[in-house]
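Line order of the protein sequences matches chains A and B.
All residue numbers for the first sequence refer to this note's numbering, where the first residue is 5 and numbers rise by one.
All residue numbers for the second sequence refer to this note's numbering, where the first residue is 5 and numbers rise by one.
It is possible that part of the hints are untrue.
If several chains are the same, the list does not tell them apart, and a pair holds so long as it fits within one copy or across any two.
What the hints assert, rightly or not - Using 27 Å as the maximum straight-line C-alpha spacing, the simulated DSSO-like pairs for lysine-lysine come out as follows: (1) K28 to K322; (2) K333 to K28; (3) K28 to K116; (4) K7 to K322; (5) K180 to K397.
Worth flagging that the hints you see were computed from the coordinates, not collected in a lab.
There are 2 protein chains.
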Amino acid sequence: MIKAAILGYGTVGSGVYSVLESNKRLINERAGQEIEVKYVLDLRDFPDDPVEKVLTHDFEDIINDPEVKIVVEVMGGINPAFDFTRRCLEEGKNVCTSNKELVAEHGLELMKTARENDVNYFFEASCGGGIPIIRALNDCLTADDIDEITGILNGTTNYILTEMTEKGTGFSKVLKSAQELGYAERDPSADIDAFDPARKIAILASIVFGSSVDYKDIYTEGIRKISAEDIKYATTLGYAIKLLATAKRTPDGVMAYVAPFLVDPTHPLFPINGVMNAVYVHGNMLGDAVFTGAGAGSLPTASAVVADVIDAARHDGKRAYCGWRHDEKLALASSGNVKRKYLVRISTEDEGEANKVFSPEGFLDIISLGELEEEVAFITPELTEEDFEARAKGFGKVISRIRFC
Amino acid sequence: MIKAAILGYGTVGSGVYSVLESNKRLINERAGQEIEVKYVLDLRDFPDDPVEKVLTHDFEDIINDPEVKIVVEVMGGINPAFDFTRRCLEEGKNVCTSNKELVAEHGLELMKTARENDVNYFFEASCGGGIPIIRALNDCLTADDIDEITGILNGTTNYILTEMTEKGTGFSKVLKSAQELGYAERDPSADIDAFDPARKIAILASIVFGSSVDYKDIYTEGIRKISAEDIKYATTLGYAIKLLATAKRTPDGVMAYVAPFLVDPTHPLFPINGVMNAVYVHGNMLGDAVFTGAGAGSLPTASAVVADVIDAARHDGKRAYCGWRHDEKLALASSGNVKRKYLVRISTEDEGEANKVFSPEGFLDIISLGELEEEVAFITPELTEEDFEARAKGFGKVISRIRFC
Chain A
5 MIKAAILGYG TVGSGVYSVL ESNKRLINER AGQEIEVKYV LDLRDFPDDP VEKVLTHDFE
65 DIINDPEVKI VVEVMGGINP AFDFTRRCLE EGKNVCTSNK ELVAEHGLEL MKTARENDVN
125 YFFEASCGGG IPIIRALNDC LTADDIDEIT GILNGTTNYI LTEMTEKGTG FSKVLKSAQE
185 LGYAERDPSA DIDAFDPARK IAILASIVFG SSVDYKDIYT EGIRKISAED IKYATTLGYA
245 IKLLATAKRT PDGVMAYVAP FLVDPTHPLF PINGVMNAVY VHGNMLGDAV FTGAGAGSLP
305 TASAVVADVI DAARHDGKRA YCGWRHDEKL ALASSGNVKR KYLVRISTED EGEANKVFSP
365 EGFLDIISLG ELEEEVAFIT PELTEEDFEA RAKGFGKVIS RIRFC
Chain B
5 MIKAAILGYG TVGSGVYSVL ESNKRLINER AGQEIEVKYV LDLRDFPDDP VEKVLTHDFE
65 DIINDPEVKI VVEVMGGINP AFDFTRRCLE EGKNVCTSNK ELVAEHGLEL MKTARENDVN
125 YFFEASCGGG IPIIRALNDC LTADDIDEIT GILNGTTNYI LTEMTEKGTG FSKVLKSAQE
185 LGYAERDPSA DIDAFDPARK IAILASIVFG SSVDYKDIYT EGIRKISAED IKYATTLGYA
245 IKLLATAKRT PDGVMAYVAP FLVDPTHPLF PINGVMNAVY VHGNMLGDAV FTGAGAGSLP
305 TASAVVADVI DAARHDGKRA YCGWRHDEKL ALASSGNVKR KYLVRISTED EGEANKVFSP
365 EGFLDIISLG ELEEEVAFIT PELTEEDFEA RAKGFGKVIS RIRFC
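Bound-form chain A, shown alone (with noise of 0.2 Å):
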């Protein structure tokens, strides 16, 4: 028998709760010993709910008690979760989380205190909600030296992308059913400007390279700017835009980025829509696999939260192996060396500069669509992004630019 505590009893402490009591019997024989929980901390009550028995206000109540080796810190943000989770992994007890702006920003401090204590820090509801990933790189593909790890790590903005696909409907507009149906914020600035994808790639990367990565160092563009008509060239030309998150080795070093990318139809990503995230990981013995499912939700977030609860049970007194091991910040490589192909959107009175300036035989293939009259699009050569800013000078306005994944 082990105990465990929950702090936080809201959309995912609740859902930990209920996948704990649902499947009990299958959670105890994979754990291998029972797993009980002693505490709920949430400040508000919860009259007729059968967590009402073990529920407390008092933090104190469980950081004293020395029965309690597991807990679950689902609060979400920064603060008490970081003095909370700091004083638990000190008092020895492991703590798993689904809480990634906390391990995104402090992970690495965390994982030392973790380390300090013999005690484990488990994450992998962090990233990609129910999508076993952090484990599939733990524990799974050990055997490989991984050189890329992609994904669509966000389901709100994957949501939204698919809807103004399918439905032909601009941003602000789907951006608002989104909210209506609950899969955006009211706030939606984390998610559609990309900061948490960027958190998530950041701790992908930490584990996948070994050092911290700041997801402050990624560079990071949403997709608020992404309209209907970039979307309706992207279709006309068999491509989607997915919202990618990505990290990788190169000659220069790791490079890592968040942005709006054309994925063309053979692309792993490609048939990834709606709320469903995916990472794709290129091992140099394994090649390609990919890894998806739901990346968010009460009880798929739950699910993984579950399985780190179980993995400390198993490593009770024991520490776990994380790729995330070493305690220097990793320097990430610029990007300006890279040479992609763009989208690009101009207006009609721009294409002879067009012919000029992105093809040397100015012959370029130009894309008008029957209903935008006054622009047209053409698709670069292999550019750096510093020599498409030169030559796109001389244009009257550049309407849009998409990179090519």
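On the provided structure of chain A, position chain B as indicated by the hints.
Using the frame of chain A, we list chain B on its own:
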């Protein structure tokens, strides 16, 4: 330091040796100790190959060496692999294998021997090549009650079906070119008659449902009878034909079967093409998850075997959890009550009879392809196989009948 031996220096064995050499530093870090290959067993000699220095022709060298704690069995076939594996386990050596024939045939007995001798029998590479599906089930999706697992588990047949779809070529011609490319064996029966995916789904179902599923109990139908015309109808309807291997819990018990199915574009396995494999899993908390990767090939398979070796090193002296833990066999439920739609091709002469027996209103939608003048196709309502057969008795001939997924 932990010492290992490799039984068999063929395609997979040489891959295992190569992966262990190429990624040595990372592998030792992840294993928590150095892994050294002390012996490679093969009847042949390999002059000028670095393996020569650890090569032996005598299994007794390995079984009698108490230093050897991990044995990699990648010989394939039942004999002498079965005998060697049993003796290794009895001697307290962990065994890691890619041998699906052996696991499907004698897995139950070998698991028991491993348990009795407090060692591990790992077989990640037996299903889905490089896809870490077994470890995902045993160590990652541990919070879930899995009620369905469905896979494209054979790269050869998926390659053949994909080629037939993309090029419109007939089965025999594609099989021949697959053989020339090395994607199909000279005797292709295990693949195209689907014994291979039947073995794999039996292994996966044994892990998911806890008790041994005998592959010989699984209804198994290969792709030999699928024609270019069948595929033409499927693509006209927007569907793909995929060889699916599935096991699912139903109110009648666990059902399992392997057969070609019509798969619609929203199905998670629809986009899996060529030699890729993929496994779809449904968990009661997680919902849908899909794992995709290379289903075969020397290095991807070796990558999975080496992940087992690392896990064996991590569990040195300890037993790892495996869902396949009960000693009894699982009696599969009959699928006699399952109702499905079928795509049926008949002679144009039988169109009237089809309308009479398959459409209560007498208005069956008929699909008629221009180039196939003497036949028509239609989609039945949902029927049991028995009901279908009874109604189809009045036809002169059923040209083909393919199940909808």
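How the hints compare with the structure:
1. For a Cα distance limit of 27 Å, the shortest separation of K28 from K322 qualifies both inside one copy, at 23 Å, and across copies, at 24 Å.
2. When the C-alpha separation of K333 and K28 is checked against a cutoff of 27 Å, the pair qualifies only between copies, where the shortest distance is 24 Å, while the shortest distance within a copy is 40 Å.
3. In the homo-oligomer, the alpha carbons of K28 and K116 lie at most 27 Å apart only across protomers (26 Å), although the nearest pairing inside one protomer, at 32 Å, exceeds that limit.
4. In this homomeric assembly, K7 and K322 come within 27 Å of each other (Cα to Cα) both inside a single copy, at 16 Å, and across copies, at 23 Å.
5. In this homomeric assembly, K180 and K397 never come within 27 Å of each other (Cα to Cα): the closest approach is 35 Å inside a single copy and 56 Å across copies.
In summary, the structure is inconsistent with hint 5 from the numbered list given earlier, while agreeing with all the others.
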